[in-house]
Amino acid sequence: MRWVDVKEGLKGFLEEFKREKTGIAGVILLIILVLVALTAPYTTIPDLPEKWRNSQYWEDNPKNVPPTWYNMFTSNKLVPQEVYLLDDLKITHPSDTVTIVEADYTLPKKYVLGPQGIIIKGLNVTLNEPFQAPTMDVYLLRPDGKRVPILTNKQLSSGTTISIGRDSKISANVYIWLVNVTEGKKITMFEVPLETILINDMVAPMFAKVEPGMNVSEIIENPQTLPGNYRLVLQINNPAPKDNQVTYDNIKVTFLGRSYGNMGTDYLGRDLWAGIIWGSRVSLTIGILVSVLSTIIGLVYGVTSAYLGGNADEVMMRINEIFASIPSLPILILIGATAGHITLWFIVLLLVIFGWMGIARISRSMALQIKEQTYIEAAKALGAGNGRIIFKHILPQLLPYAFAVIALSVPGAVIAEASLSFLGIGDPTAVTWGQILNAAQAQSATTKGYWWWVLPPGLGIAVVGLTFVLIGTALDKILNPRLRRL
Amino acid sequence: MGYLKYLAFRILNAILVLLIVTFIISALFVKVAEQSNRAKMYEELMQWERTEGSKIKQSQGLEAFERAKAEKQASLEKKYELNIPYWQKVYRKAVRTLRLDFGTTGMPIFGTNKVSDIIKVALPRSVILFTTATIIVIILGIFLGVRAARHAGSVFDRGLSIFALLTYSLPMWWTGMMFLLIFAFKLGWFPLSSMFDPQLTGWAHIKDVLWKLALPVITYVFVAFGGWAWTTRNIMIGTLQEDFIMAARAKGVPERKIIYGHALRAAAPPIVTMIIFSLLGSLGGAIISELVFNYPGMGRLYWVALQQNETNLLIGLTYFFTVLYLAGVVLADMIYGFLDPRVKVGASAKM
Numbered sequence: 025m026r027w028v029d030v031k032e033g034l035k036g037f038l039e040e041f042k043r044e045k046t047g048i049a050g051v052i053l054l055i056i057l058v059l060v061a062l063t064a065p066y067t068t069i070p071d072l073p074e075k076w077r078n079s080q081y082w083e084d085n086p087k088n089v090p091p092t093w094y095n096m097f098t099s100n101k102l103v104p105q106e107v108y109l110l111d112d113l114k115i116t117h118p119s120d121t122v123t124i125v126e127a128d129y130t131l132p133k134k135y136v137l138g139p140q141g142i143i144i145k146g147l148n149v150t151l152n153e154p155f156q157a158p159t160m161d162v163y164l165l166r167p168d169g170k171r172v173p174i175l176t177n178k179q180l181s182s183g184t185t186i187s188i189g190r191d192s193k194i195s196a197n198v199y200i201w202l203v204n205v206t207e208g209k210k211i212t213m214f215e216v217p218l219e220t221i222l223i224n225d226m227v228a229p230m231f232a233k234v235e236p237g238m239n240v241s242e243i244i245e246n247p248q249t250l251p252g253n254y255r256l257v258l259q260i261n262n263p264a265p266k267d268n269q270v271t272y273d274n275i276k277v278t279f280l281g282r283s284y285g286n287m288g289t290d291y292l293g294r295d296l297w298a299g300i301i302w303g304s305r306v307s308l309t310i311g312i313l314v315s316v317l318s319t320i321i322g323l324v325y326g327v328t329s330a331y332l333g334g335n336a337d338e339v340m341m342r343i344n345e346i347f348a349s350i351p352s353l354p355i356l357i358l359i360g361a362t363a364g365h366i367t368l369w370f371i372v373l374l375l376v377i378f379g380w381m382g383i384a385r386i387s388r389s390m391a392l393q394i395k396e397q398t399y400i401e402a403a404k405a406l407g408a409g410n411g412r413i414i415f416k417h418i419l420p421q422l423l424p425y426a427f428a429v430i431a432l433s434v435p436g437a438v439i440a441e442a443s444l445s446f447l448g449i450g451d452p453t454a455v456t457w458g459q460i461l462n463a464a465q466a467q468s469a470t471t472k473g474y475w476w477w478v479l480p481p482g483l484g485i486a487v488v489g490l491t492f493v494l495i496g497t498a499l500d501k502i503l504n505p506r507l508r509r510l
Numbered sequence: 004m005g006y007l008k009y010l011a012f013r014i015l016n017a018i019l020v021l022l023i024v025t026f027i028i029s030a031l032f033v034k035v036a037e038q039s040n041r042a043k044m045y046e047e048l049m050q051w052e053r054t055e056g057s058k059i060k061q062s063q064g065l066e067a068f069e070r071a072k073a074e075k076q077a078s079l080e081k082k083y084e085l086n087i088p089y090w091q092k093v094y095r096k097a098v099r100t101l102r103l104d105f106g107t108t109g110m111p112i113f114g115t116n117k118v119s120d121i122i123k124v125a126l127p128r129s130v131i132l133f134t135t136a137t138i139i140v141i142i143l144g145i146f147l148g149v150r151a152a153r154h155a156g157s158v159f160d161r162g163l164s165i166f167a168l169l170t171y172s173l174p175m176w177w178t179g180m181m182f183l184l185i186f187a188f189k190l191g192w193f194p195l196s197s198m199f200d201p202q203l204t205g206w207a208h209i210k211d212v213l214w215k216l217a218l219p220v221i222t223y224v225f226v227a228f229g230g231w232a233w234t235t236r237n238i239m240i241g242t243l244q245e246d247f248i249m250a251a252r253a254k255g256v257p258e259r260k261i262i263y264g265h266a267l268r269a270a271a272p273p274i275v276t277m278i279i280f281s282l283l284g285s286l287g288g289a290i291i292s293e294l295v296f297n298y299p300g301m302g303r304l305y306w307v308a309l310q311q312n313e314t315n316l317l318i319g320l321t322y323f324f325t326v327l328y329l330a331g332v333v334l335a336d337m338i339y340g341f342l343d344p345r346v347k348v349g350a351s352a353k354m
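Chains as they are written, first to last, in the numbering used here: chain A, 25 to 510; chain B, 4 to 354.
Chain B extracted, bound-state conformation (with noise of 0.2 angstroms):
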């Protein structure tokens, strides 16, 4: 398989999976909305009753009022979509969906009420915090993994590992608690709540942001680091023990040149996937961190949205997170593709 038809099958399979995932998505949004939304019909309808409905009971009689409440109900049910087969509403959703028509929600967040609106304000922020975050760890990990890698079984190596097992099965929301206690807290080095100043413009804004960026960053980056360090190390020790680097030793390379040169470029594949996935998942945002540090991205909209039932900013943010992940498959293929030739021929050339 060529490398543009292997490319144009794997997009074609995203975009199936993406067609199938928007509409199960839905399928459970609708089924969530449907319950909220009679609710908010016989609430709407019951209001009428007390002050519509009761005048024209008083002026034309019992009758005139069945005749207008089922009239007016009749019409609540068609402006809340509870007229039609759950299956349609489903697919409607669906289209209106891949379309990027997701609708409005109920109370406007950051002043507005488009949910593509809304997105596009939490979006930036959460790239901001954790694509930085990322990036330092991604630096960090791999320069710390590799001097591992070239000095194993010594103690920095040892050190390195043990912190890694132990950041491994820390959860990071409560590290930020922690970190929130510790520096925030009894020390007062960084804000409480990383929440901006929305009086702020300018210079002042943008010292407000780094300042309160900080301490998330931080903790983002002590938890990740250790583990970032530890699969980088792996990996370069299996690539050292390999025939071409002992070719390359045994012709006189610096080792400088080996390590940076040979070796890291053998083990790059693996590595720059992991690169393509960590810093996609970043843009998601991680709920609960950013619920503990009361950071305004895209995790703690999502929370927000479903605190006041806004289904629609929640399928709008899900189908968001959905696609960010599909992209990142096709671009770690992509590059994989172009990085290791194996991967497009023989038996997995299917996988």
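Chain A on its own, in the form it takes in the complex (with noise of 0.2 angstroms):
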């Protein structure tokens, strides 16, 4: 082929690439995919298969809760996270040893159950004196006007954190509260019921109607929203200021919401909607590169095995045979299984290994037709070798059928990779569709409704898969009509 026939024939197929539209669909699809896995850092957070799985990361996200858009289609709303930096609060200094924080949080009308919690992180301390520690209460204040003690004479030191929702200690004080304004008598920690404390959500009822006469159990199982504004106040309590010093500089308040970002998160706070976007990397990846390798191999394999003929071409197929029965899936989890540590590479090695035969097939039966033809006698006769003859004349014309079984297989190679990843057969050092879904499935997320952590990732890997099907039958349409009755 010289190039002038060769930028003819390109000219010619955009030509004709151009008026189908399932072809253009696909290729504004996988521009789109490109372009959303190349900016995932700057899109999202930045090196985020490395922070995947450091759950404390993500210790100030909400667990298991649905996206904040999901508000727009219920009646029941969900508040979102908001965070308090050091611009947000209100400190005041009453009196040399002691600091009062404030936090202002509105619960809005239409919202249930107010944040899943609050968390409180980033108060830097200097002890130089440790009898003198300094201490804090923190409590919260209602629209109500009622008060929620929720820690007292809380020793303080650098790397103190308190999560509001967490700690059994600040449950078992709500409680005591819940008590003490309902029946009106004040109980101790020992009489709190552990059980209840610690299965169930503490936090609602101190963002619910809290009435004397009201039923405890009642509250907690069923908390009737109170909407309106609290303020959470945190008071330091430093008894010797000159030797131990609070500084507020990195405080953190985060009221962790009921939903979170754009794809909620999961059971340990992660943000999906980060390892979605980054998850497409990895996708698009293995199957760009898995269908490719396996193309080349399948269709360099075929076409030798069709032009040598004769015992080599047997003993050719014998192996490609060999290859076909084996059963692919098992065997690639035996060896994933067992192989220890598995890198990307690796899997894209395992799935070319197991891929390549029906194309060496195809383009076998298509060489042995090719094969017969006149000119490549000639070439024959003029003493070309049998490498150039493949290599120059052959595989060629096979090339316009291969851009389209390539386009076509990335789907298969995509689901192979997230099928290993679902069964814990991936890379632990990647983020991919496959191992958020196995997270979803290991903690049964189905059974429990949470349809933003199971539906968005198998999504992704329908619209590669769709990407590449319309890019490939465009491309068989156009390049191979004998082929389209398959």
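Simulated from the structure, these hints should not be mistaken for lab results.
Cβ atoms here follow ideal geometry from the backbone N, Cα and C, with glycine treated the same way.
Hints are not guaranteed to be accurate.
Covered by chain B, per the in silico footprint, the following chain A stretches (three or more residues, Cβ under 8 angstroms) [said to hold, decoys possible]:
#1 349-358
#2 440-453
#3 474-483
With the hints in hand, could you dock these two chains into one complex?
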């Protein structure tokens, strides 16, 4: 083939491709996907794969909550995440030894349950006089004028994290307060029923109607949300301000949402939106790499087999049949499970090894026809070597077909990678859709109704698949009119 | 080449491939088993040292203990086949597998230790699930495909094509998860787990099975029928353009007869091949789908075997899948050769 022919052919091909609506749709989808994958570090969290498995990194996020936009479709709205940094808080110093930090929180009408929890962290304490360590009282002022004591005399040190909703002592305090308001009596720590405060959501009652005469277990089971303005107050007593210093520069008060971000969170509080965006990188890379490599190997193998003919052909086809008859998914699982350290490259290799056979068969049958043509014989007569005839004369004829095959086999490769990851056999350092679904399955997200955890990764797989199917069928229609019959 | 000769050639070929594949599978699994067997042996040896070994050490001294320990280790090595070279082990395993002697599992599954009995329990379950679903898919696919081919370019045809393209890129297990979410969790129409209730018998058992099969079958049909219909449509469109159809039309044969009598028969060979392979493929069970639905068939069994490191069961199942595939290849060749005489003559005879 000469360069001019290639240029002409390409031009004609582009002209025809423009007329295929599905192909254009596929190309647009592909461009969007590539852009999403490339810009992932800038549009979401940088270096996500390193943070993904570090549960501490996600501490400040609510767990198992739906996306914020879901509120548009429900009457019972769920509060979003709210973070207060130094500038959002009111800090006053009534005396030398007392500092008061206040966070104003509004719970609008129609919202249910209030936040999932409150996390206070980032207080820096320099301790030189341990016997007079600073302490903190935390309480919540409610719109009905009631005051919920959350913590009293909590000793402070650097790294103290107060997490309302996850700390059983705080939950016990809330329970004591509930009993005090409803029944008017004071109970001690030891009278608090442990299983109640460990199992139930003890944050919602803080943001619910609590009146004298109401039943405590009724409030816990079925809290009636009380909208209005709340104020979280931290009162820090520092008896020795000269020796022990408390600085507030890094303070961070987080009101955990009952909904979060674009895609909600999973059981560790991980931002699923970031995970899904990053997952597209692995999916696209593996899909394209596996299909390109296995198509090339299959083509060369098939054409060589057809061209050589005779015994070599027989042997090569037997090898092909052996690979084809090994049940691939079980063997992949087995190799993956026993190989220990699995990288993405290893998965690509495995998928290529078990993915070239079909293409080899078809390209062999196509090459058998081309082989009989006269110009091949002419080339042979002129003394062209086997390699030259295969690579120069037969393979270029199959190239258009190869492009369609590459596009059409991407969905299979993407699904195969997702399946392996879903089974827990994936690169542990990567974030993939299959792994997100694996975690969802392990935490039985489907039987708990966490749709935001299951739906998006699969849709991602489907969109990548659809993109390449659209391109592939369009290519197929243009380049191989004969093959349209399958 | 005559038909019988052709058939004998294909069967011999399949047997040769089966032998080689069995050998490869054995080589792979023996390697896996070796590691776990070594660990098991050391565990047993440690156990022995703590109980009997310490007794010998106390009563007969250190020397006697060392001797007894070496003896015990040798006997354990023999028990776990660690004393013979790797390739010999592979050979033995392959021969035993070919004789269908799969051995036993470490832990009982479905109340038995014998691998062949375990497979006998799981196989019918996968058969009823996937074969039922496959049959529905085939009927629906062929019917809709033929309809689309008759009205090529119509709204129905386009809609079907789009649906087929969409479902082609869906992982079946993910669709299963979504269906579980929608139909089992939200609407509560179907059970969340497809594990059978072992206490039920008779009519109640059948009702339980049907109830638990429903959602997996619906999922399978939903994902698969579009692709089937689309492929059938493409084959039929090609056939409908052939000369003999024109001739039949010119003769005035009724359209219905042309479609189902002439065209579908001519398009039969590739469709029959597809039917064989999807029926056989259905027997293997889809590992992940059964896992998602918690359905106790072959696929889930494979997963359990892998989790519990039951090498013998894994070999048995893998061997079974391979035999099924090769049987399918031979069967397809047989029917293909029968329906389309061109296959056995000329250059393609050796394909």
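Numbers of the earlier hints that this structure fails to satisfy, in rising order: No numbers; nothing is violated.
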